[in-house]
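Q: Sequence:
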Amino acid sequence: MRLLITGANGLLGQKLIGLLHQEPSVELIATSRGSNRLGEVFPNVPFSALDVTNAEQVEQVIGELKPTHVIHTAAMTNVDECELNHEACWLQNVTATENLARTCAAHDVHLTHLSTDFIFDGSHGPLTEDATPNPISYYGQSKLAAEQAVQNTANLRWAIARTVLVYGVLHGGGRTNIVLWVRNSLREGKQIKVVNDQWRTPTLAEDLAQGCWLIAKQSARGIFNISGRELLTPYDIALRVADHFSLDKSLIIEADGSTFTQPAKRPPRTGFIIEKAEKELGYRPHSFTEGIDIVAAQA
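In full-length UniProt numbering, the protein residues as written are 1 to 299.
Among the clues, some could well be false.
Said to hold, decoys possible - In silico BS3-like cross-links for lysine-lysine, where the CA-CA straight-line distance does not exceed 30 Å:
| hint | residue 1 | residue 2 |
| --- | --- | --- |
| 1 | 265 | 279 |
| 2 | 217 | 276 |
| 3 | 276 | 190 |
| 4 | 276 | 193 |
| 5 | 217 | 66 |
| 6 | 279 | 190 |
| 7 | 193 | 279 |
| 8 | 279 | 217 |
| 9 | 193 | 217 |
Unchecked claim - Label pairs and their calculated CB-CB ranges:
| hint | residue 1 | residue 2 | range |
| --- | --- | --- | --- |
| 10 | 251 | 280 | 38 to 46 Å |
| 11 | 87 | 187 | 33 to 41 Å |
| 12 | 56 | 21 | 28 to 36 Å |
| 13 | 254 | 175 | 22 to 30 Å |
| 14 | 255 | 65 | 19 to 27 Å |
| 15 | 88 | 256 | 24 to 32 Å |
| 16 | 80 | 197 | 14 to 22 Å |
| 17 | 128 | 87 | 29 to 37 Å |
| 18 | 41 | 108 | 30 to 38 Å |
| 19 | 175 | 253 | 20 to 28 Å |
| 20 | 81 | 193 | 33 to 41 Å |
| 21 | 154 | 193 | 30 to 38 Å |
The hints are simulated quantities; they were obtained by calculation from the structure and are not laboratory data. Cβ coordinates follow ideal geometry from the N, Cα and C atoms, glycine included.
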């Protein structure tokens with residue numbers, strides 16, 4: 001297998017390379033729009049610059065490097081930035097996916113595309129793969145349009161991995177996530193306000209990488225929910241993190257979503273049922289407590 005990963009500098013991209021760089025059956029190709037941030041950590045993994053929003057570049061790189069599989073992790077994922085900058089969001093989330101889908105189909109490359117619970121309106125959950133999407137943010141709209149682009153591309157061998165509230169440790173800095181934000185804020189003695197009326201099944205980045213690898217390894221087809229099992233609110237998560245690191249829980253202020261002024265709406269209740277991935281792929285995520293242990297060992 002020759003496996004090309006887009007967005008290799010991002011959290012999921014890094015975890016995939018960490019998981020697979022010593023896998024004897026896989027020849028990895030890391031790609032990213034920016035310079036290679038993983039060269040020091042994984043010096044033996046080949047890297048190619050790739051701007052997935054550039055159709056000619058996508059065709060050139062896939063045509064020359066001839067991957068058998070692509071895992072497409074690159075995206076604009078800051079929900080509020082997407083709400084404020086529709087053009088950039090559509091370019092990075094939809095146009096880029098269209099470019100990859102079309103090129104993968106032309107070269108008979110299996111494509112695993114990453115998607116999100118934000119394609120749903122949050123009226124109920126946890127959700128199965130056949131739940132009806134109804135996004136309430138521009139980010140969600142763009143990710144649904146990207147899914148449709150993948151599904152509607154003729155002759156494409158595709159899978160979609162949907163995930164929820166990913167957390168983990170990113171090498172070389174970048175955006176934080178809820179587990180690290182809570183821990184770091186409480187360590188600094190900061191009071192934090194945390195939402196108690198949104199429900200998610202938080203996903204350890206290592207588990208998401210494992211799920212994507214299982215899809216690619218089996219050249220699986222269709223939609224798969226890849227997340228944790230436990231349905232928690234961010235407030236629940238914050239309390240669990242505080243307990244884990246023996247930090248002061250009195251600094252955590254419970255709040256409902258209406259007290260936050262954010263450009264983009266968040267779906268109140270999502271979370272995923274992961275039985276399909278468990279049965280068909282052999283996916284086995286860590287518990288949330290185990291996930292915090294893994295994060296704690298890295299940062």
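Q: Are the hints correct? Go through all of them and say.
A: For each hint, the structure was consulted:
A threshold of 30 Å between alpha carbons decides the hint, and for residue 265 with residue 279 the separation of about 33 Å lies outside it, so the pair is violated. As the CA atoms of residue 217 and residue 276 are separated by approximately 16 Å, the hinted pair is consistent with the 30 Å bound. Taking the CA atoms of residue 276 and residue 190, the gap is about 41 Å. The hint is violated against a cut of 30 Å. Note on residue 276 and residue 193: the hinted pairing is violated, with a Cα-Cα distance of about 35 Å set against a maximum of 30 Å.
The straight-line distance between the Cα atoms of residue 217 and residue 66 is roughly 17 Å, inside the 30 Å bound, and the hint therefore holds. A threshold of 30 Å between alpha carbons decides the hint, and for residue 279 with residue 190 the separation of about 43 Å lies outside it, so the pair is violated. The hinted pair formed by residue 193 and residue 279 fails the criterion: a straight-line CA distance of about 38 Å is larger than 30 Å. A distance of roughly 15 Å separates the Cα atoms of residue 279 and residue 217; the hinted pair therefore holds under the 30 Å criterion.
Note on residue 193 and residue 217: the hinted pairing is violated, with a Cα-Cα distance of about 41 Å set against a maximum of 30 Å. In this structure, residue 251 and residue 280 meet the distance hint of 38 to 46 Å, their C-beta atoms being roughly 43 Å apart. Take residue 87 and residue 187: their Cβ atoms lie about 39 Å apart, and the range 33 to 41 Å holds. The hint said 28 to 36 Å for the Cβ distance between residue 56 and residue 21, and at roughly 29 Å that hint holds.
Distance hint check: the CB atoms of residue 254 and residue 175 are about 24 Å apart, consistent with the given range 22 to 30 Å. Taking 19 to 27 Å as the suggested C-beta distance range, the pair residue 255 and residue 65 does not conform, at roughly 48 Å. Taking 24 to 32 Å as the suggested C-beta distance range, the pair residue 88 and residue 256 conforms, at roughly 30 Å. The hinted range of 14 to 22 Å is satisfied by residue 80 and residue 197, whose Cβ atoms lie roughly 19 Å apart.
Look at residue 128 against residue 87: about 33 Å separates their beta carbons, and that is inside 29 to 37 Å. In this structure the hint that residue 41 and residue 108 lie 30 to 38 Å apart at CB holds, the actual value being about 32 Å. At roughly 23 Å, the beta-carbon separation of residue 175 and residue 253 lies within the given 20 to 28 Å, and the hint holds. Taken as a hint, the range 33 to 41 Å is violated for the pair residue 81 and residue 193, whose Cβ atoms sit roughly 21 Å apart.
For the pair residue 154 and residue 193, the supplied restraint of 30 to 38 Å is violated, since their beta-carbon distance comes to about 48 Å.
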